[in-house]
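Asks: Whenever a hint applies, use it, and build me the whole structure from the sequences.
Per our numbering, the very first residue in the sequence shown carries number 1; after that it's consecutive.
Wrong hints could be hidden among the right ones.
[Unchecked claim] Capping the alpha-carbon separation at 30 angstroms, the derived lysine-lysine pairs in DSBU-like fashion look like this: (1) 198 / 229; (2) 198 / 172; (3) 200 / 229; (4) 172 / 200; (5) 172 / 229.
[As the list claims (entries may be wrong)] Label pairs and their computed distance ranges (CB to CB): (6) 15 / 108: 41 to 51 angstroms; (7) 55 / 173: 44 to 54 angstroms; (8) 107 / 30: 31 to 41 angstroms; (9) 195 / 242: 41 to 51 angstroms; (10) 108 / 20: 39 to 49 angstroms; (11) 35 / 242: 31 to 41 angstroms.
Hint data in this document are derived by calculation from the structure and do not stem from the laboratory.
Computed from a prediction, not measured in an experiment: that's the story for all the values here.
Glycine included, each C-beta is placed from N, C-alpha and C at the ideal position.
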Amino acid sequence: MTAPHHEPVRDPSRDDAEARDAAIGEIDWTAPVPGSRASVFTAPSGPLAVVSLGDPANPRVVLVPGATGSKEDFVLMLPLLAEAGYYVQSYDLAGNYQSAPAGPPEGERYEYPLFVDDLVAFLESGAPAHLLGYSFAGIVAQLVTAARPELVRSLTLLTCPPDPGNSYRHVKRIGWLSTYLTPRQGAGLMIWGVRTNKNKVGPSRLAFVRSRFAHTRRECVDDIVRLMKHAPDAAGAVRATGIPTLVATSAHDLWPVERYALLAERLGARLAVYETGHSPCETTPHQLVRDMLALFDTPR
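Replies: Structure follows, in structure tokens:
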């Protein structure tokens with residue numbers, strides 16, 4: 001495993017990723033990616049909505065969205081990865097958007113084992129994959145990588161909460177509030193921030209993320225916030241696997257870059273920082289895919 005470092009030195013004349021990201025305009029986030037296939041995967045928790053793109057014979061990439069998110073968060077990345085020669089798949093987490101019917105038995109809560117078991121089952125359904133976990137799903141991806149390293153070829157943690165324990169405690173400006181807010185109150189604050197466009201996304205994106213709340217189960221969001229206040233520390237176990245790992249974040253994410261640098265150090269991972277907010281998959285997809293492809297080429 002290479003030592004932690006920031007983005008590798010590149011020849012700017014050969015790298016137009018930043019320019020291509022800057023040229024991204026309004027898109028229809030509900031439109032299927034040309035050539036993609038929608039399906040349903042029967043996971044331990046129930047039916048999960050899946051999108052796939054590329055030749056299934058190619059090396060596999062699995063992108064897992066976070067709380068209140070969905071597979072559509074990766075629509076700009078899917079074609080880039082497929083064009084690079086990969087078979088890329090994503091699914092909505094149990095309880096979220098088109099996977100809303102999936103979840104625990106009645107009277108029980110969404111817990112880490114539910115999300116871990118779903119991801120393990122999905123990875124087992126195909127070839128070992130280059131795995132990306134976005135935000136909350138980054139915690140789940142670490143747990144899966146530590147437990148089942150034979151299923152994971154590389155690991156990318158995209159704006160994943162960088163601290164174990166109460167992962168909200170170092171959130172910029174309002175982290176101190178996390179000690180006093182209940183999970184339901186914290187979830188309400190997060191939903192309010194999305195609905196009122198604190199991320200300053202375009203009108204098409206805002207309309208889509210607002211519409212998802214009509215499908216996502218509120219008890220799932222509450223439970224995920226509760227889980228993020230008790231995040232396990234899997235960094236040491238992940239590092240011990242020797243799997244190439246990338247910590248990808250942004251200068252304007254919820255957590256300071258310094259917290260991500262510490263996470264990368266604990267993981268023995270590369271660190272990439274983009275000039276954007278919490279969602280590089282939406283705003284800097286070309287730069288993110290560029291760095292993921294470099295990670296894929298890293299020998300174990």
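Asks: Does each hint hold? Answer for all of them.
Replies: We went through each hint and held it up to the structure:
1. 198 / 229: holds (22 angstroms)
2. 198 / 172: holds (14 angstroms)
3. 200 / 229: Holds, because 26 angstroms separates the two Cα atoms, which is no more than 30 angstroms.
4. 172 / 200: holds (17 angstroms)
5. 172 / 229: Holds, at about 16 angstroms.
6. 15 / 108: 41 to 51 angstroms: holds (48 angstroms)
7. 55 / 173: 44 to 54 angstroms: With Cβ atoms ~46 angstroms apart, the hint holds.
8. 107 / 30: 31 to 41 angstroms: holds (34 angstroms)
9. 195 / 242: 41 to 51 angstroms: holds (42 angstroms)
10. 108 / 20: 39 to 49 angstroms: Since the Cβ atoms of residue 108 and residue 20 sit about 45 angstroms apart, the hinted range of 39 to 49 angstroms holds.
11. 35 / 242: 31 to 41 angstroms: This hint holds: roughly 35 angstroms between Cβ atoms.
Hint check: no violations occur; every hint is consistent with the structure.
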